[in-house]
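S.K.: Here UniProt numbering is used: the first residue of the sequence shown is 1, the next is one more, and so on.
Worth double-checking, as some hints may not be accurate.
What the hints assert, rightly or not - Cut-off 30 Å, straight-line C-alpha distance, at most; resulting in silico cross-link-like pairs (DSSO-like, lysine-lysine):
(1) Lys282 to Lys229
(2) Lys148 to Lys282
(3) Lys227 to Lys179
(4) Lys108 to Lys144
(5) Lys19 to Lys302
(6) Lys302 to Lys155
(7) Lys248 to Lys22
(8) Lys248 to Lys282
(9) Lys227 to Lys237
(10) Lys227 to Lys205
(11) Lys205 to Lys248
(12) Lys179 to Lys237
Calculated from the structure, these hints are not laboratory results.
Treat the numbers as computed from the prediction; the structure is a model and nothing was measured.
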Amino acid sequence: MKRLLAIGEALIDFIPNQKDSKLKDVEGFTRQVGGAPCNVACTTTKLGGQAEMITQLGNDAFGDLIVETISNIGVHTNYIRRTDEANTALAFVSLTKEGERDFSFYRKPSADMLYQPSNIDAITVTENDMLHFCSVDLVDSPMKQAHKALINKVKSANGTIIFDPNVRLPLWTSEAECKNAIREFLPLAHVLKISDEELTFVTGKKVEKEAIAWLFQGSVEAVIYTKGKEGAEIHFKDGTVIDHPGYKVKVIDTTGAGDAFIGALINRLAVSDIVNPIEALKLQGEDILQFSNIVAAKVTTKYGAIESIPSLDEVNEVLEY
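Can you make the complete structure from the sequences, with help from the hints?
M.R.: Listed below in structure tokens is the structure:
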């Protein structure tokens, strides 16, 4: 089985107790462990995979909660560091009636941003490792340099790099800064996951076909294109496309749905009998998309990114139906 290395933010999401209210009008919140790389690691693990979380947390109660929560799921926490220099990151969320989100982040800086590149030296990497990262921790910080160091290490070991931009503009000083960071790291990935909401922003192109073609830069061999309730597609350099229409469900909260999708996809690559992940996507892509869409759909029917992750048995029940 291949192993997932997830690097980046692990934080606490404060989910509102009421929908259709502006953040300033929300009267109460429920705390949930989150952060995109953390959600992905938890999804992959809960479905039967192996994952290492690579981040830094504050020496505070929220950091303790994160370690305890993901450890109980089975995510390895050996590479999580703690610091007194900054607190664990927090994100306050507001929800529309449809379950769509708005965020307000508290991380100026947060502990994850201060993670040092030298920490990467202690991480053992093999060709069976898949590295997943997002753009939130690509702001100008020591953590950004740590991403570069780990990407180089995984590439040198012939591992696989998976990048999900997961655009969060409120965390950046400008849209241009966010876009430039994504474009800097995009060519380093072998697999790129991008949503329909992000496609034009990242590429600068409004025509879908042209935008997806633009993404095949550098090392990129496959693009996972997610379209919310319309399902998802896998695009390859030669123009081949594999698609799945997705599942219609009653949406409660979309928080973590995209993370659950890519976490499930990584899980399927990890357990596949096809060693090369790109070949696995080509030969088993339809089944992988179906599995990933089930997981993502189920996550939207409950509150919280991690608490809502289904078990493998729950996914198989849908597959067998």
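S.K.: Are the hints correct? Go through all of them and say.
M.R.: Hint check results:
no., hint, in the structure
1, Lys282 to Lys229, "23 Å, holds"
2, Lys148 to Lys282, "28 Å, holds"
3, Lys227 to Lys179, "20 Å, holds"
4, Lys108 to Lys144, "15 Å, holds"
5, Lys19 to Lys302, "13 Å, holds"
6, Lys302 to Lys155, "37 Å, violated"
7, Lys248 to Lys22, "27 Å, holds"
8, Lys248 to Lys282, "25 Å, holds"
9, Lys227 to Lys237, "20 Å, holds"
10, Lys227 to Lys205, "17 Å, holds"
11, Lys205 to Lys248, "29 Å, holds"
12, Lys179 to Lys237, "23 Å, holds"
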